[in-house]
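> Sequence:
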Amino acid sequence: MVLKQIFAMMIRNNLVLYTLILVVTALLTSCGGGSRHSGKQLEQAEGDVFYGKVFTYNESEYFRSLYPLNVTEVVGHRITNQIYEGLVRLSQEDLSIQPALAKRWEIDSSATTFTFHLREGVHFHDDPCFKNGKGPEVTAHDFEYSLTKLCEADVNNQGFWVFEDRVKGATAYHESTKEGEPLEEGVTGIKVLDDTTLQIELVKPFASFLNILAMPFTAVFPG
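Residue numbering for the sequence shown follows the working numbering, starting at 1 and increasing by one per position.
It is worth saying that the hints were derived from the structure and are not from the lab.
Honestly, I wouldn't trust all of these hints.
Label-pair distances were calculated between CB atoms; the ranges are [unchecked claim]:
1. 207 x 52: 41 to 47 angstroms
2. 156 x 125: 18 to 24 angstroms
3. 178 x 121: 34 to 40 angstroms
Fair warning: this is a prediction, and the values are worked out from it, not measured in the lab.
Where a beta carbon is used, it is the ideal one built from N, C-alpha and C, also for glycine.
Taking the hints into account, I'd like the entire structure generated from these sequences.
The following block contains the structure:
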């Protein structure tokens, strides 16, 4: 019983720590000061947005990784937030949950099944790794792949704890990958209903689950 209490406390502390990291990242991102340029007038868009040039921002340390499952420090969060996108995001104004790649979602009456409806026409960044160098459209299958990778036992995966004992089948899948024999059914709580609909089932209600889905750990990336 004592060990269970200690473990539960560690989980809560981890969630608080990562929530604080996201808060700091959001605040720093929203606090950009004045702009400097080489004397040329930049094109100004509506809402005081400038197009063109390169924005340079000094950091106190170097990032350790840009792989979303291995980002654990503020600098890495700041960079990956500009590269990756998840189902939801935190508002930079009040830190409320906002739609990202999921345009809307429903939560069932038991508060354990989340159904996300994805935006259409969103593509991965163009890259030579893709056919003809063009980024494919992001689908629910990509999220299934990324969230399943989050549940694998891997030295470069620092984020499994956010799904551990929360998402149905996540812990069983994690244990199977330790033995090098991943369960064929994958993570049973992560289901693709169609190309634009993803469903995630929890073991039991967890009030902060949407906040977890705003973390870089749960961002989508190509397989």
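> Evaluate each hint against the coordinates.
Status of each hint after checking the structure:
1. 207 x 52: 41 to 47 angstroms: At roughly 43 angstroms between Cβ atoms, residue 52 and residue 207 fall inside 41 to 47 angstroms, so the hint holds.
2. 156 x 125: 18 to 24 angstroms: holds, 21 angstroms
3. 178 x 121: 34 to 40 angstroms: Given range 34 to 40 angstroms: holds, Cβ gap about 39 angstroms.
Hint compliance for this structure: every hint is met.
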